[in-house]
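Chemist: Chains A and B, in that order, give the protein sequences. Here the working numbering is used: the first residue of the first sequence is 82, the next is one more, and so on. Here the working numbering is used: the first residue of the second sequence is 199, the next is one more, and so on.
What the hints contain is simulated information worked out from the structure, not anything from laboratory work. Be aware that one or more of the hints could be misleading.
FRET-style restraints, in silico, Cβ to Cβ [as the list claims (entries may be wrong)]:
id	chain 1	residue 1	chain 2	residue 2	range
1	A	Gly83	B	Glu218	17 to 25 Å
2	B	Gly296	A	Ser154	28 to 36 Å
3	A	Glu96	B	Glu262	43 to 51 Å
Within a straight-line C-alpha distance of at most 25 Å, the following computed SDA-like cross-link-like pairs (lysine to any residue) qualify [stated by the list, open to error]:
id	chain 1	residue 1	chain 2	residue 2
4	B	Lys247	A	Glu184
5	A	Lys152	B	Thr294
6	B	Lys298	B	Arg267
7	A	Lys90	B	Gln240
8	A	Lys152	B	Gly296
9	A	Lys151	A	Lys164
10	A	Lys90	B	Asp283
11	B	Lys259	A	Gly84
12	B	Lys298	A	Leu126
Please read all numbers here as calculations on a predicted model, not as lab measurements. Glycine included, every Cβ here is placed at the ideal spot set by N, Cα and C.
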Amino acid sequence: DGGITQSPKYLFRKEGQNVTLSCEQNLNHDAMYWYRQDPGQGLRLIYYSQIVNDFQKGDIAEGYSVSREKKESFPLTVTSAQKNPTAFYLCASSTARGASGTEAFFGQGTRLTVV
Amino acid sequence: AQSVTQPDIHITVSEGASLELRCNYSYGATPYLFWYVQSPGQGLQLLLKYFSGDTLVQGIKGFEAEFKRSQSSFNLRKPSVHWSDAAEYFCAVVHTGGFKTIFGAGTRLFVKA
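In isolation and in its complexed conformation, chain A is listed as follows (with noise of 0.2 Å):
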């Protein structure tokens, strides 16, 4: 079946802690996208890609970093400079282009917790 496959669903980071979250994806898409969810304000944007070895910063990236080695995979390293991290992460791909093909598809999101 393709899909989005994002590991761990749980994830508990200590203080100064790096964590790097996991996004794999087999629907051939070519952009793909990394977003924070906190409760009562939405999904803000944190990096998005649109071709491999290639990235954007979006509207919170300080505190994160990600790379884009291989068109399925775009993992997110959660820094210990991220100064509130504890949030549900969500992965998503689309086409890069073309009418039919702008919708996004999301992992199950990954619990992320400091503790």
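Given chain A, work out where chain B should sit, using these hints.
Modeler: Relative to the frame of chain A, chain B by itself:
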């Protein structure tokens, strides 16, 4: 800058009653328009989308939405709500020729028996 406004943070309706969730967008041209639904702790699922043509679009789970250019609105409707419809609903836009999705803040729907 493009923006999406969902003026209702939460709405409560009785089971069997009709539902309308509001969405307004700010953009120079007609963008591509979407409604997504999110159950607690889950990702988002596409309910319906509008690209062009008929301004009334049908989606999954009995939902429909109407695009009104004059009001820059894309309101979501359902004639009879079921308890399983309780979730958070997001309106979203993609500008024509682009690919990046911009989401509204969401409306949480509560359904009472």
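Chemist: Out of the numbered hints, which ones does the structure contradict?
Modeler: Result: hints 1, 2 and 9 break, sorted rising.
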